[in-house]
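Colleague: Each chain, letter by letter, is given below.
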Amino acid sequence: MSKGLIVGIDMIPFRRYPDRTVEQLGGEAALLALADAGLSIRDVQALYCGCSLQANSMVGQRILRQIGEHGMPVLNVTNGCATGASAFREAVLAVESGRHDVALAVGVEQMARGLIEMPGRPTGFREEGAIGTITTPSMFAQAGLVHSAQYGTTFEQFAKVAVKNHHHAILNDKAYVRRETPLEEVMASDMIAYPNTKLMCSINIDGAAAAVVCSEAYARKHGLMGRAVRVRTAASLSSVYTDIEDGLTDFSEVTRATAKLAYESAGIDVKDIDLVELHDCFATAELLHYENLALCGLGEAGALIDSGETAHGGRIPVNVSGGLLSKGHPLGATGIANLYELCLHLRDEAGARQVEGARIGLAHIVGGIIDYGSACAVHVLERA
Amino acid sequence: MSEPFPEPIPAMPYIVIDDGGDHYLAGSRCDQCGATMLGKRLGCAACGDGALTDVRLNDTGRVRTCTVITRSYPGVPVPFIAAVIAIDGGGVVRGTLHGPIPDDPVAEIGKPVRISIEDTGQRDPNGRAFYAQNFRPMETAA
Ligand SMILES: [Zn+2]
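So the protein sequences, as listed, match chains B and C. Read in the working numbering, the first sequence has 365 at position 365, and its numbers run on one by one without any break. The working numbering runs 1000 ahead of the 1-based position in the second sequence.
Any given hint could turn out to be false.
Only some residues are given here: those of chain B computed to face chain C with a beta carbon under 8 Å [claimed, not checked]:
(1) H70
(2) G129
(3) A149
(4) D190
(5) Y194
(6) D246
If you're looking for bench data, these hints aren't it; they were derived computationally from the structure. C-beta atoms are modelled at their ideal positions from N, C-alpha and C, and glycine is treated no differently.
Construct all of the structure, not just a fragment, from the sequences and the given hints.
Modeller: As structure tokens, this is what we get:
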């Protein structure tokens, strides 16, 4: 089975677009990705559209109404924070299976400000405050403090993630937050759920990203190899049972299992990876995922951020785009935007933030809803 | 006309409201792998294989993790302590830990708590009280 290739990929800057519709945002990203590939919507044989908050309203079809309707299968995908990554994976599988030569994946979201509202109880009972919490920053705060209790990881170490990622974003003109945030400022910023302060939380925002995936035979036949990035693996797992899940969604165990699957199926070792875009929805999450993705051993994440090795120029740079903490986190778009960042580096087009000589990149996404479950995707991309 | 003392109702499906006031958390235990799950399931979430037995979960446990919530949805009073409790004898449940707000929530992890099913103060449209679990620190033996 030959691997799928990304031959076109792009994102619109994540911003607030109150005067635009979700299909306009998604359609714009789709056209940018098609232009990057040098293809037209008429060349596309299937559309996989990720959108979490409007998942029941045929967003994929609405996008085609904006950019061209020639009759193709459309699958609207929703999967929590892994929505965009899941749509992308479907496009890869469609091409790798031989069903389609060219598939388009679009991820798009329009979001309200503030904390994400969780689905309520049918009885009208409001859980928040009465039986603990269901907000996303607090889920990751509690996960982070498990690590603190076990390994002594400190508030300061978690805060350093925000310092690093905001610093990275200075070089990314598509990032939303582009200013240095010194450690003292991060730690003194409004506390949301200890240890996550406001500057340690990703922003809910509008955004879209899209990728054109095709087979190698198609790319060669149509002269697209110059833009090609190989999808070495598209791994996804959900809801790996752990004994904490009745109290807190477990994002770590599912990430470990998905990462293991990704490394095995890609036939690579973690040492082969040149850069990582991982799911830093909250600063605490990034440190946990250092270990979950095996960038370091268990209990070593605090030391790893202290060492500076995950900063640009370090041994294993993480979130050189600025991460979700700087770009914002439009649920459906995030997964494909992470892949866009990897492609910039694997094509030597990342400009001032280029990771020199990058050959292999890893993108990770994990999401979940308390009492429901988790969804994780790990993609490994390689210079073609 | 509504009853003068409408019966309380469980706020969550895993809460059992007892006529005599002996309320508790209900769980399911797998006869194959021993996993204890909160509430009822059609099958075992851990192994997918074993048969499940209804069990009454204990009213004591230990803090597995927690945090202090200082920002929440509009109208929700803060700060409060959100905690996940490992129930003695099996099972995990989340809820609010009532006690002094700690400077360092990490220090609360591992401490013993008592779990009680109490009036949340919330009412359904018929005036019935939602009952749910509350956690309180237990005095540790010296
Ligand atoms: Zn079982």
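Colleague: Would you list, in rising numerical order, the hints stated earlier that this structure does not obey?
Modeller: Checked against the structure, the only hint that fails is number 1, while the rest are satisfied.
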